[in-house]
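Colleague: Here are the chains, one letter per residue:
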Amino acid sequence: MKLSDLSESSLRDRLAGEGLTLRIAPVAARIRSEVPAVAEGLRLHYADYELLDGEAFCDFHIRISPPANLRRWFRRQVRFLHDGISPFEPMPWEHAFPVFEWGLNWCMANHFHQYLMIHAAVIERADGRAAILAAPPGSGKSTLCAGLVARGWRLLSDELALIDPRALTLTPIPRPISLKNESIEVIRRFAPAAVLGSVSHDTHKGAVAHIKPPRESVRRAAEKARAAWIVFPRYQAGAPAEPKPFLKARTVLRLAENAFNYAAFGETGFRALVGLADACGCYEFSYGDLGEAVRVFDALPAGER
Amino acid sequence: MAADRYRLVDPDRWVLSPQWTDESLAYDRASADTHVLSPIARDIIEALRSAERASSAQELVQALAANVEDHDPVALHAAVEAMLLEFVRLGLAERTNP
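If you read the protein sequences in the order shown, they are chains E and U. First residue of the first sequence? That's 1 in our numbering, and the numbers climb one at a time after it. First residue of the second sequence? That's 1 in our numbering, and the numbers climb one at a time after it.
Excised from the complex, chain U in its bound form:
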């Protein structure tokens, strides 16, 4: 079975702050809410934005791994999957048909 693939519902909806130490911010043009982003949430949003097509969790792990030294691949994969599910729950991202 092909892995689920994800994309942002509306990539232009988000205005991101600079990537600061520990946390950054995203402004939601649709709701005018301001959200705090953990580094991994921020990296996933940027990876989804820059990808030419919807991404699988594994592809995102590979994209993120380049920025993380001495990462534990299993833990990183679990963290990415959890974050994607959270994005889907919040309506920020959606699954696409593989």
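Next comes chain E alone, as it looks inside the complex:
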């Protein structure tokens, strides 16, 4: 049974009651919330995900709820709770769905240490070759990811590369793509068919909106991928879309900088990143036009080392 099989009222009742248990690729999460924006966001963005039995084992027990103070009524806020503990300060009520998404990212980054985790988007070309787009926030990573997904690349993740440290495979976790500020309009123009949720204004990251992951990417969420390219993208107004080969040693260091848990893996983490860099074409990539960038990615040479 999928989330889309639930009526709107059943979804709200479950969220407000015993909780909604979702299989989100490798994650099982039980979500509770009485906040309408959470129900609306889940209904739109997670429609194609499998519902689990309420008794199923869950990795994360999540609650999005108003704080137990006056902010329940005045200048309303929400807080994110994981196992009853709030890792963040409360945030404005109208940001409830982004708060859920950020909170789930936090849960993953702090608990899923069976994977070497890199802050990166991962997408796969139709020929089965995947690209890891590693970059700090504000680099244009998600915009590029959304553009490629709109042109048929499979979405594995917009946020986290989950790397098996020994097999070097990439485990998908195709969740909504988070767009910020100008990139929301860029993607609206570039991919009018993309399903874009409502815009949350004035978050600590500016305006934020999410794109629903394609149904096909969710359907194939159990299919691991292999990286063929590691790319460090950077949006730069007016820059030609140009992949520049990047030294493999420097690639390993940049991946380690963007990793959440490289140090925790010790030698295994080093060997994993070296193995990935050795097997992949490694590039720095600046772009100023999304269409041009997508054409470059569609033509990236296969099997380059």
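Because the hints were derived from the structure by calculation, they are not lab data. Treat the hints with caution; some may be incorrect.
Stated by the list, open to error - Label-pair restraints from in silico Cβ distances:
1. U:Ala66 <-> E:His113: 38 to 48 angstroms
2. U:Asp12 <-> E:Gly54: 46 to 56 angstroms
3. U:Leu16 <-> E:Arg166: 11 to 21 angstroms
Unchecked claim - What the simulated footprint calls covered on chain E by chain U, stretch by stretch (three residues with Cβ under 8 angstroms from a Cβ of chain U suffice, anywhere in the stretch; the number is not a length):
4. 148-154
5. 246-257
Think of the CB as a built atom: it goes at the ideal place given N, C-alpha and C, for glycine as much as any other residue.
Following the hints, put chain U in place on chain E, whose structure we already have.
Modeller: Frame of chain E; chain U shown alone:
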């Protein structure tokens, strides 16, 4: 006076990446640090590792010269000596009694 001889403090301490163009990496099992190696640093570590006994700078120059085309022996010797001193300073290599 006999020339100084050098050996790695702990040859098993290092995990090396493949020898890539321009740079490679060494992972230090003792500190969990990752270091960037220039080609000459990499070659010296490998030569010290594979040598049966501590090596002099001159022996290392001879070992490395086989991999370097049209090398300037004086410049290569100076580069090897400088690198050995750096390794000693970092605690990666040590001098032994000749």
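Colleague: State for each hint whether it applies.
Modeller: Against the structure, the hints:
Look at Ala66 (chain U) against His113 (chain E): about 45 angstroms separates their beta carbons, and that is inside 38 to 48 angstroms. Distance hint for Asp12 (chain U) and Gly54 (chain E): a CB-CB separation of about 52 angstroms, consistent with the stated range 46 to 56 angstroms. At about 19 angstroms, the beta-carbon gap between Leu16 (chain U) and Arg166 (chain E) stays in the expected band of 11 to 21 angstroms. Given a C-beta distance limit of less than 8 angstroms, the hint that chain U covers the segment 148-154 of chain E is violated, as 0 residues qualify and 3 are needed.
Remark: the segment 246-257 of chain E is confirmed as covered by chain U, as 7 of its residues place a Cβ nearer than 8 angstroms to a Cβ of that chain, reaching the required three.
Hint 4 alone, counting from the list given before, is not met by this structure.
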